[in-house]
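Top line first, the protein sequences correspond to chains H and V. All the letters of the first sequence, read from the start, carry residue numbers 1 to 245 under the working numbering. All the letters of the second sequence, read from the start, carry residue numbers 1 to 68 under the working numbering.
Check each hint, because a few of them may be wrong.
[Claimed, not checked] Straight-line Cα separation of at most 25 Å, BS3-like style, residue types lysine-lysine; simulated pairs:
#, chain 1, residue 1, chain 2, residue 2
1, H, K2, V, K27
2, V, K27, H, K6
3, V, K68, H, K2
4, V, K15, H, K6
5, H, K86, H, K189
6, V, K36, H, K6
7, H, K229, V, K24
8, V, K23, H, K226
9, H, K14, V, K15
10, H, K2, H, K229
11, H, K3, V, K27
12, H, K226, V, K27
13, H, K2, V, K48
14, H, K226, V, K68
15, V, K27, V, K48
16, H, K189, V, K48
17, H, K2, H, K182
18, H, K182, H, K226
19, V, K68, H, K189
20, H, K229, V, K48
[Stated by the list, open to error] Residues of chain V clear of chain H, computed beta-carbon distances all greater than 12 Å:
#, residue
21, K12
22, K24
23, I25
24, K48
No lab work stands behind these hints, which were simulated from the structure alone. Every residue, glycine too, gets a C-beta built ideally from N, C-alpha and C.
This is what each chain is made of:
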Amino acid sequence: MKKVFKRPESLTDKPMHYCPGCTHGIVHRLVAEALDELNIRQDTIGVAPVGCAVFAYDYFNCDMQEAAHGRAPAVATGIKRVHPDKVVFTYQGDGDLASIGAAEIVHAANRGEKITAIFINNAIYGMTGGQMAPTTLLDQVTATSPYGRKAETEGYPIRISEMLSTLEGAAYIERVSVHDIKHINHAKKAIRKAFEYQLQGRGFTMVEVLSTCPTNWGLTPLESLKWLKDNMIPYYPLGVKREVE
Amino acid sequence: MARVTFNEDLCKGCKLCVAVCPKKIVKIAEDRINNKGYHPATVEEMDKCIGCAFCAMMCPDVVIEVEK
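Next comes chain H alone, as it looks inside the complex (with noise of 0.2 Å):
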């Protein structure tokens, strides 16, 4: 017999401290798959956020730096000047991404930075413990939305992919989801894809990973699943939102 799946090398052996359930796993496997395949794990710079993948650094066997808050975009634009010809991503949550780091996220795309950035979106902010982010869906509930989120005076859930895809600088932004394996195979496909453009110098490139947080939205991990693909697939719809040739 021969092995079909194991660990994947770009993966240290440390136990990751997420939450039963918690998706990040999955897409930090992914992402580690998808060195493997490309054989560019000893070619790799990451850069890890601030949120519950803070300690994404420990769990990633390529060089690693911890950014401030949000700031993961500028940090990468800086490590990729200096090593253009390294491999560059960022691995953010949305409180980290899409919050306190959009104006990062936002200039890092429309100067076309050749780096690669995976977003996590559960709607939620995890680690501090289920407060509103700016993905958090209309009337979901919340630690800092008790009676569901309004728009009137929170605004809308930000679709990020579809904004950063307006921007001329971004080479290929993709929208993908992990709540089953068929999209689990094709988020892989698609973080691949986002490093094969770094590689070919094309632009700046994002994955936006649907995900769940079973913790803090209070459901079982399987119900977790269940409620990614029943509520924010409707509003974040899944796709390719930008691909230069």
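Given chain H, put chain V in place with the hints provided.
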């Protein structure tokens, strides 16, 4: 002929593998706990395993290895 191996001490008992198994042979081991304090996922009827690796692909903690 296929075999799955669970690195049980990494398992957090989230049951996503249980839900995704097409043969319904992944179960939670109620008779033991791992060093994290969870009942780990396991397979008893290994002869029914088809090696599809769905459990491994769904596992957020990369607990599972699959041989075929």
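Hints, verified against the model:
no.	hint	result
1	H/K2 to V/K27	holds (24 Å)
2	V/K27 to H/K6	holds (20 Å)
3	V/K68 to H/K2	holds (6 Å)
4	V/K15 to H/K6	holds (19 Å)
5	H/K86 to H/K189	holds (21 Å)
6	V/K36 to H/K6	holds (22 Å)
7	H/K229 to V/K24	holds (22 Å)
8	V/K23 to H/K226	holds (21 Å)
9	H/K14 to V/K15	holds (21 Å)
10	H/K2 to H/K229	violated (35 Å)
11	H/K3 to V/K27	holds (22 Å)
12	H/K226 to V/K27	holds (21 Å)
13	H/K2 to V/K48	holds (18 Å)
14	H/K226 to V/K68	violated (31 Å)
15	V/K27 to V/K48	holds (13 Å)
16	H/K189 to V/K48	violated (30 Å)
17	H/K2 to H/K182	holds (24 Å)
18	H/K182 to H/K226	holds (14 Å)
19	V/K68 to H/K189	holds (23 Å)
20	H/K229 to V/K48	violated (30 Å)
21	K12	violated (4 Å)
22	K24	holds (14 Å)
23	I25	holds (16 Å)
24	K48	holds (16 Å)
Hint compliance for this structure: hints 10, 14, 16, 20, 21 are not met, and every other hint is.
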